[in-house]
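Protein sequence lines correspond, in order, to chains A and B. Going by my numbering, the first sequence opens with residue 1, and the numbers climb by one from there. Going by my numbering, the second sequence opens with residue 1, and the numbers climb by one from there.
Source of the hints: derived by calculation from the structure; they are not laboratory data. Heads up, the beta-carbon is just placed ideally off N, CA and C, and yes, glycines get one too. Any given hint might turn out to be false.
[As the list claims (entries may be wrong)] Here are the in silico distance ranges between beta carbons for each label pair: (1) B:Asp-240 to A:Glu-57: 56 to 62 Å; (2) B:Phe-93 to A:Gly-110: 38 to 44 Å; (3) A:Asp-103 to B:Asp-32: 37 to 43 Å; (4) A:Leu-154 to B:Ser-42: 34 to 40 Å; (5) B:Thr-77 to A:Asn-112: 35 to 41 Å; (6) B:Glu-73 to A:Glu-309: 34 to 40 Å; (7) B:Ala-243 to A:Glu-57: 28 to 34 Å.
[As the list claims (entries may be wrong)] A short, non-exhaustive set of chain B residues, derived as facing chain A with CB atoms under 8 Å: (8) Ala-29; (9) Thr-35; (10) Ile-59; (11) Ala-155; (12) Ile-183; (13) Phe-272; (14) Tyr-273.
[As the list claims (entries may be wrong)] In silico negatives: residues of chain B with every beta carbon more than 12 Å from chain A: (15) Glu-28; (16) Gly-37; (17) Ala-43; (18) Asn-44; (19) Asp-61; (20) Asp-69; (21) Asn-70; (22) Ile-101; (23) Ala-110; (24) Ala-132; (25) Asp-135; (26) Asn-154; (27) Asn-235; (28) Asp-240; (29) Ser-246.
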Amino acid sequence: MLENLKKHWFVVLVALVFVAGTIYFVQDSVTATVSGKKVDGKDVVFSFDNINYTADELYESLESGIGNSLLAMTFEQLVVNQTVTLSDDEITDAKLQAEDLFDNYTIQYGDNTEAVLDSIMQSIGFKDHTELQKYFEFMMAREKVVSEYLEANLDDFWSDYEEKYSPRLASHILVSIKDFDNITDDEQAKMDAIEAALANGDKFEDVAKEYSDDGSASTGGALGFVSSQTNFVEEFKEVVLEQEAGEVSEWVESEFGFHIIYTTATDYESLKANTDFNDHFIGANPQIQGNAIWQEALKLEIDYKGNEELEDLLKATLGVKELEDAE
Amino acid sequence: MKKLISLLVVLVILTGCSSTAITSLSSEANKDIITVGDQTISANDIYGMMQHQNLSDSIIDQAVKTLIDNYVEVDETIEARAQELLEENKEYFGDSFETLILSQYETEEAFVEQQLIPAAKQEKMTRDYFEANFDSIINSQAPRLVYIIEVANNADANRVVEGLKADESIEDLVEKYGTDDAIAEQTIIATTSTVSDTVKAFVKDAEKGDISETPIAHGSRDTFYVVQIVESDANEFKDDFFAIYSTNNNNLDTVFIHFFKEFDFKIHDQFFYDAVKASDTTSPYLP
């Protein structure tokens, strides 16, 4: 779990602020106003009787933890914003996404919407709600950077990933069986009709739509992205992972009934449009995102202000890993 | 008079207009961290983002550290206790001590300074609270020194009860009737202990010498407990009880909430205040 969070630190951080930030804001809007305090020209964060703890001290204590994560996040934004140019269509898309998000928040938070979004946006390095479009443009540009890097370096990642996870797209047709010791005439008739339709050359998805008892029937039996980590019953999983692309199984018995399984595709080109696959692939190779950002960063002049450790620290936080070292 | 009214009006306006307390770094701490292309990230940029993270736990942790650091002096007693803790750590971790500890701290001295001295100071503050509030603590937590023997079934439980009444040795009874997990050692049970509620219910009102006549079901396993109260006067096992009391997180919250009030804890940044106030675990620390 922790490893997974580390792999997706950026996405998790952004998702968390958009969810937790709103909860926190709703509660926070009913709290009291506090008075500020300065000592020796420094802002005080908290105090006891005659002891003062300054903003400078708090920053120093948090710098190596959350400070580094926030720095890496801001660094990404600066890199991507300066190296990627979005098309007019993409900018329009970002604008629409921003408007959609604002509208959805307005339904939920009414007059508080701007304040809620301001707080969230500031937590991820943007000025306020007026930069929502900028945020979506950044996310879009970032995705573009990662996907371009991946396309260019696919060979370095694909074969190991393929071997380890057997990624594929699959579909199935299920005939539910109430009692395996007494298969009813209706159940048998349905299985016969499915076999006949497939033998007749009918499309798998049409047969699934017409006959399958599974919820996936409406989408032609599509199960989407499947890997060795997918949580299927073992007998089903074994077949779906063994089959080559285009193969259709015989009847496979599971606790749910009888299935016919169709392995739709196993190649990257077919898989890459699937969001679940992309998340899994990038999650399994966290250096893809880090390397992609770093490759872009190298196009810009970077001044570490004399901090010799900063480059390594940023690379470590972003998950950058030289390809020759990549496992 | 007119002047006074005008002054009051100005004061009211100024008070009304006073901006919300938002902290920022001093010019000394606000250094530029990095420039990427033509854009620079400063320490204050990062600090500003920190204010919008939910840092309630970090704020309270830092406040506890600050309190401990400033209100307990490092004297010979604290140093001696830190050394004791060091020995306990070495004994506990054995050969792994160096690998585990020195991977986080550069030297043993750094471990003592950064980890064990603060721990000894925290223990001292907790002890001060414990001593000052001992009567109310034992009233609410009802600690008892007990033998608690786990047995496999009701019949064995009854045999143990009879054996205890007949003053048979605990070791013999555990060996004859106890489960593999049963031990013949005295332990302290209080209302804060993590044993079953039925055990706690019996112990809470029991007195020295009392034996649980009816076997107590384990709760999560198919076994039973027999409990004998060895001592009900907490003064007789005060130090051992403190060792348990001072490692219970709920107790530590109570202790430090008390000291936060006593030493007039205040937050002077609206963002951090709101975060601490919004969290159930940290809001009790606020005045």
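Against the structure, the hints come out as follows:
1. B:Asp-240 to A:Glu-57: 56 to 62 Å: Roughly 38 Å apart at Cβ, these two residues miss the hinted range, so it is violated.
2. B:Phe-93 to A:Gly-110: 38 to 44 Å: 56 Å, violated
3. A:Asp-103 to B:Asp-32: 37 to 43 Å: The hint (37 to 43 Å, Cβ to Cβ) holds, given that Asp-103 (chain A) and Asp-32 (chain B) are roughly 38 Å apart.
4. A:Leu-154 to B:Ser-42: 34 to 40 Å: Because 38 Å falls inside the window, the suggested range holds.
5. B:Thr-77 to A:Asn-112: 35 to 41 Å: Violated: the Cβ-Cβ distance is about 53 Å, outside 35 to 41 Å.
6. B:Glu-73 to A:Glu-309: 34 to 40 Å: Holds, since Glu-73 (chain B) and Glu-309 (chain A) (Cβ atoms, about 35 Å apart) stay within the stated range.
7. B:Ala-243 to A:Glu-57: 28 to 34 Å: 33 Å, holds
8. Ala-29: With a minimum Cβ separation of about 4 Å from chain A (threshold 8 Å), the hint on Ala-29 (chain B) holds.
9. Thr-35: Where the cut-off is 8 Å and the nearest Cβ of chain A is about 4 Å from Thr-35 (chain B), the hint holds.
10. Ile-59: 7 Å, holds
11. Ala-155: Constraint on Ala-155 (chain B) not satisfied, violated at 42 Å.
12. Ile-183: 34 Å, violated
13. Phe-272: Where the cut-off is 8 Å and the nearest Cβ of chain A is about 6 Å from Phe-272 (chain B), the hint holds.
14. Tyr-273: Holds, about 5 Å.
15. Glu-28: At roughly 7 Å from the nearest Cβ of chain A, Glu-28 (chain B) sits no farther out than 12 Å, so the non-interface label is violated.
16. Gly-37: 4 Å, violated
17. Ala-43: The claim breaks: Ala-43 (chain B) does not keep its Cβ more than 12 Å from every Cβ of chain A (closest is about 6 Å).
18. Asn-44: 9 Å, violated
19. Asp-61: 9 Å, violated
20. Asp-69: It is violated; Asp-69 (chain B) is separated from chain A by about 9 Å at its closest Cβ, not greater than 12 Å.
21. Asn-70: Non-interface label on Asn-70 (chain B) violated, nearest chain A Cβ at 5 Å vs cutoff 12 Å.
22. Ile-101: 19 Å, holds
23. Ala-110: 16 Å, holds
24. Ala-132: The claim holds: Ala-132 (chain B) sits with its nearest Cβ about 18 Å from chain A, beyond 12 Å.
25. Asp-135: At roughly 27 Å from the nearest Cβ of chain A, Asp-135 (chain B) sits farther out than 12 Å, so the non-interface label holds.
26. Asn-154: Nearest chain A Cβ is 39 Å from Asn-154 (chain B), so the label holds.
27. Asn-235: Asn-235 (chain B) is indeed farther than 12 Å from all Cβ atoms of chain A, at 33 Å.
28. Asp-240: Nearest chain A Cβ is 32 Å from Asp-240 (chain B), so the label holds.
29. Ser-246: Answer for Ser-246 (chain B): holds, closest chain A Cβ roughly 21 Å.
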